[in-house]
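This is what each chain is made of:
2 protein chains.
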Amino acid sequence: MNEKIKWLRNKLLGLNMQGIIITNPVNIRYLTNIDAEGIFLVNRKENIFITDSRYIEHVNSTLTIEDGIVVVNSKDLSLEDYENFFIFCENVGFEENHLTYAKYKEYMHKFKINNFEETEGIIEKQRMIKEPYELEAIKRACKITDDCFDYLKGFIKVGMTEKEVANEIERFFLANGAEDLAFDTIVASGKNSSMPHAVPTDKQIEAGDPITIDMGCKVDGYCSDMTRTIFMGFVPPQIKPVYDFVLKTQMQVIEMLKEGTNIKNISKMVDSSIKLNGFEVMHSLGHGVGLEVHEYPFFGNTVDFLLKENNVITDEPGVYIPNKFGVRIEDTLLINKYSATSLTKSDKNYVVI
Amino acid sequence: MNEKIKWLRNKLLGLNMQGIIITNPVNIRYLTNIDAEGIFLVNRKENIFITDSRYIEHVNSTLTIEDGIVVVNSKDLSLEDYENFFIFCENVGFEENHLTYAKYKEYMHKFKINNFEETEGIIEKQRMIKEPYELEAIKRACKITDDCFDYLKGFIKVGMTEKEVANEIERFFLANGAEDLAFDTIVASGKNSSMPHAVPTDKQIEAGDPITIDMGCKVDGYCSDMTRTIFMGFVPPQIKPVYDFVLKTQMQVIEMLKEGTNIKNISKMVDSSIKLNGFEVMHSLGHGVGLEVHEYPFFGNTVDFLLKENNVITDEPGVYIPNKFGVRIEDTLLINKYSATSLTKSDKNYVVI
Chain A
-15 MNEKIKWLRN KLLGLNMQGI IITNPVNIRY LTNIDAEGIF LVNRKENIFI TDSRYIEHVN
45 STLTIEDGIV VVNSKDLSLE DYENFFIFCE NVGFEENHLT YAKYKEYMHK FKINNFEETE
105 GIIEKQRMIK EPYELEAIKR ACKITDDCFD YLKGFIKVGM TEKEVANEIE RFFLANGAED
165 LAFDTIVASG KNSSMPHAVP TDKQIEAGDP ITIDMGCKVD GYCSDMTRTI FMGFVPPQIK
225 PVYDFVLKTQ MQVIEMLKEG TNIKNISKMV DSSIKLNGFE VMHSLGHGVG LEVHEYPFFG
285 NTVDFLLKEN NVITDEPGVY IPNKFGVRIE DTLLINKYSA TSLTKSDKNY VVI
Chain B
-15 MNEKIKWLRN KLLGLNMQGI IITNPVNIRY LTNIDAEGIF LVNRKENIFI TDSRYIEHVN
45 STLTIEDGIV VVNSKDLSLE DYENFFIFCE NVGFEENHLT YAKYKEYMHK FKINNFEETE
105 GIIEKQRMIK EPYELEAIKR ACKITDDCFD YLKGFIKVGM TEKEVANEIE RFFLANGAED
165 LAFDTIVASG KNSSMPHAVP TDKQIEAGDP ITIDMGCKVD GYCSDMTRTI FMGFVPPQIK
225 PVYDFVLKTQ MQVIEMLKEG TNIKNISKMV DSSIKLNGFE VMHSLGHGVG LEVHEYPFFG
285 NTVDFLLKEN NVITDEPGVY IPNKFGVRIE DTLLINKYSA TSLTKSDKNY VVI
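Residue numbers (our numbering), protein chains in the order written: chain A, -15 to 337; chain B, -15 to 337.
Okay, chain A solo, but in the shape it has when bound:
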């Protein structure tokens, strides 16, 4: 049995749960390395992955006997099999944020569960602390992202559309060792940059446009996340003070982050500073990064959470002037005992192309 499943079993013991049904595919991947549709059950004796004919061969080919996971085809299970899985389990956990109401009802009935209990993100919380192999994958994804940014400086030209740039980013990622995008790339130029989550359009890039590029890729399942706002031809004077403010904020945050930092305090500080400077707070300061591009911890003014060594998070303050322009600068950071290290390393000074 692998270390992660051992950890889970210990954790369940402490919660007085004798079993759990794991339905979040990211948690299944984290615990078992299985990347297929199905549900993962842990009961008193066994670890069972229930899937269907489409995935049986693939799943069996990724597991070894050491994993200690029984793979079952759902069509081979009788009603009695379901009822027996948790037969001596008083309390069984479920993932309330990753189980639909319909499935909650179905499972409770099918597995004859007495006490079906919410587990409140126990696995997601464990995922915050990255192991060496996880950091390795995130670093490789960050490196490809930096390389892509370097490449874009020579690639983007006046007259290109935002969509063309976004497509090229995807092509670059796939051609350079990434297995996928980490999320839909944002390329927002000129006025479009005032929308924090703009979708790339057919708008052509013009001289004097700020261009906000928010991109990331996946390596071995792990994500990178980086944003830069760059300039076509020249930096319009009205954008300079905003850019300087965002960059100063972003770098000050890096200085303040380390094991023990409470993200509530950092969030409050940055939000106040944005407001004091006459701008509006449009999104939170950051979030965890790992198998998901947005995962625990999520920054917020009420989130009382002390960072720990080997957390990986983003630091991404942004200022958006409606209908005019926006600036966001974001890095993926590793939290150390006494500092934070930026895993994305692209230039943050005015980049004029």
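Rather than coming from a laboratory, the hints here were simulated on the basis of the structure. Any given hint could be a false lead.
As the list makes no split between identical chains, a pair holds if one copy fits it or if it spans any two.
[Stated by the list, open to error] Below, in silico cross-link-like pairs of lysine-lysine (PhoX-like), each with a Cα-Cα straight-line distance of 25 Å or less:
| no. | residue 1 | residue 2 |
| --- | --- | --- |
| 1 | LYS59 | LYS308 |
| 2 | LYS(-12) | LYS292 |
| 3 | LYS248 | LYS59 |
| 4 | LYS332 | LYS94 |
| 5 | LYS123 | LYS292 |
With chain A's structure known, arrange chain B on it following the hints.
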């Protein structure tokens, strides 16, 4: 108010529901054309989309006054606002397959809902009947898929990896007018083709390999879905009878489909035929295609569903010989009053490259 929302309001009347909370993003897109995170509420008087700062500008820019949709930033809502949304609504519907257990509890409490009722896919079922503009988008996605298949015949060479071919398919789609993949492309060569849902690997394509390519793209949100099994260099004699059987089955199914056909009967017929020929049934015969690549109707031996004009479905029988090879042939079909028309039109005879 648009026709789709009018349809929904009538439908709710018939179900004695005075309101609904729509949480399935695909249904929100279908009803409102909004492609952003948020929830869509319909109550006695209003249609309300609740989103957050990240999407407000984008959503407002896609809606006009004629849409009759009020867009609200969640951070501007008080507890009282939530309690008032459904104040005179006796029964409020929710999407039990698209609401987590955690959100179900949260919404029931926050909106002070008395009777929170499962709606059993009313919108998904309506989505089965495609309107002209929807068919137009699907046809364009199918055309790009056919063009990609033509292109691949010249592109794939011995020594290329499955991943390289899959990446090239994605590049082709994006460069030729598709906005996205409809799903993760399958490129499975040689023995890998025996896994219906193989993930592209670093395996190189060799002479004598069958290559199963399952691909589709999105245009204006609508999907295409097509599979071909082609051959590198020559058709191995042991694969020929399997190929002939799958192709004959796939074409016979097209002949039998039209308005009024019961998909249960077709499914049973094909499954029996696969078994009678000594093979194993590994997946269902087909599924609906639209804003989602897998949507209603889903084929199955117990699914009593009569096809209707303007349904769009796949026809994809497959035979898989474990550890040896597999053959699947799939088209996206339009159901007409007296026939079915294939919207993907690529060659289905032995394609040897």
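Do the hints match the structure? See the list:
| no. | hint | result |
| --- | --- | --- |
| 1 | LYS59 to LYS308 | between (57 Å within a copy, 23 Å between copies) |
| 2 | LYS(-12) to LYS292 | within (19 Å within a copy, 49 Å between copies) |
| 3 | LYS248 to LYS59 | between (48 Å within a copy, 18 Å between copies) |
| 4 | LYS332 to LYS94 | neither (55 Å within a copy, 43 Å between copies) |
| 5 | LYS123 to LYS292 | within (18 Å within a copy, 52 Å between copies) |
Hint check: a violation occurs at hint 4 only; the rest are consistent with the structure.
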